[in-house]
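Each protein sequence line maps, in turn, to chains R and Y. So for the first sequence, the working numbering puts the first residue at 1; every next one is plus one. So for the second sequence, the working numbering puts the first residue at 1; every next one is plus one.
Since the hints were made in silico from the structure, they are not lab data. Hints are not guaranteed to be accurate.
[Stated by the list, open to error] Over the 12 angstroms line for every Cβ pair with chain Y, so calculated as not near, a few chain R residues:
1. Gly16
2. Asp18
3. Val19
4. Gln83
5. Ser95
[What the hints assert, rightly or not] Here are a few chain Y residues that face chain R, going by a calculated C-beta distance under 10 angstroms:
6. Ile20
7. Tyr32
8. Tyr101
We treat Cβ as the ideally placed atom computed from N, Cα and C, and that holds for glycine.
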Amino acid sequence: GAGVSQSPSNKVTEKGKDVELRCDPISGHTALYWYRQRLGQGLEFLIYFQGNSAPDKSGLPSDRFSAERTGESVSTLTIQRTQQEDSAVYLCASSLVGQNSSPLHFGNGTRLTVT
Amino acid sequence: GESVGLHLPTLSVQEGDNSIINCAYSNSASDYFIWYKQESGKGPQFIIDIRSNMDKRQGQRVTVLLNKTVKHLSLQIAATQPGDSAVYFCAEGDYNFNKFYFGSGTKLNVKP
């Protein structure tokens, strides 16, 4: 598709289980971002991938959170041993970076509910 | 992370009026700013952007103003319509590295 695609759109999991969220960025976009958005709040930066550079993981809230990206394509965000406070919408975005930088293009997010 | 904040958490306007949404940013090194609109259940959508070498940029019914002296950004929406009702976020970043921080958002309610 033409936009950023995220799956699943909704995920309900039990406390203590691991979850994996997927993001398919726009083809050709070198940068990929994950943000967390709690209900009624702003976007909290989690992690940023840019080309072959080491990812910027400075926003990950704990070592239960990790993310990977394969080349300049799909990314997965993994949350281990989920807690109720992990409940939020997880948004992925991609963009071009450099001389022709583009704004971030967002997917519709994965709504995670930890029961 | 950096601090990006908004002055008004909720703004109610009458249909047809102009809306002004404000944003304060904290990093004087930021050189690229973007406004996003987020409707319920959707991801943020790009509205308009501005680089730090400009102080004003206009789009269709929207204008962004940048005041670097006081680190303030505003979004003006002309002739506000019901479809403009949403949460609006500003984001600041570095154009070359394109890493962005977002504020908490302003909810715009347009009354018919």
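Results of checking the hints against the structure:
Listed as a non-interface residue, Gly16 of chain R keeps its Cβ farther than 12 angstroms from every Cβ of chain Y; the least gap is roughly 28 angstroms. Every CB of chain Y is more than 12 angstroms from the CB of Asp18 of chain R (nearest about 24 angstroms), matching its label as outside the interface. The claim that Val19 of chain R is not at the interface with chain Y holds, since no C-beta of that chain comes within 12 angstroms of its own (minimum 19 angstroms). Every CB of chain Y is more than 12 angstroms from the CB of Gln83 of chain R (nearest about 21 angstroms), matching its label as outside the interface.
At the 12 angstroms boundary, the C-beta of Ser95 of chain R falls inside the reach of chain Y, the nearest C-beta of that chain being 5 angstroms off. Using the Cβ-Cβ criterion of 10 angstroms, the hint placing Ile20 of chain Y at the interface with chain R is not satisfied: the shortest such distance is roughly 19 angstroms. Interface restraint check: Tyr32 of chain Y against chain R, minimum CB-CB distance 7 angstroms, threshold 10 angstroms, status holds. Hint status for Tyr101 of chain Y: holds, given a least beta-carbon distance of 6 angstroms to chain R, under 10 angstroms.
The structure shown violates the earlier hints numbered 5, 6.
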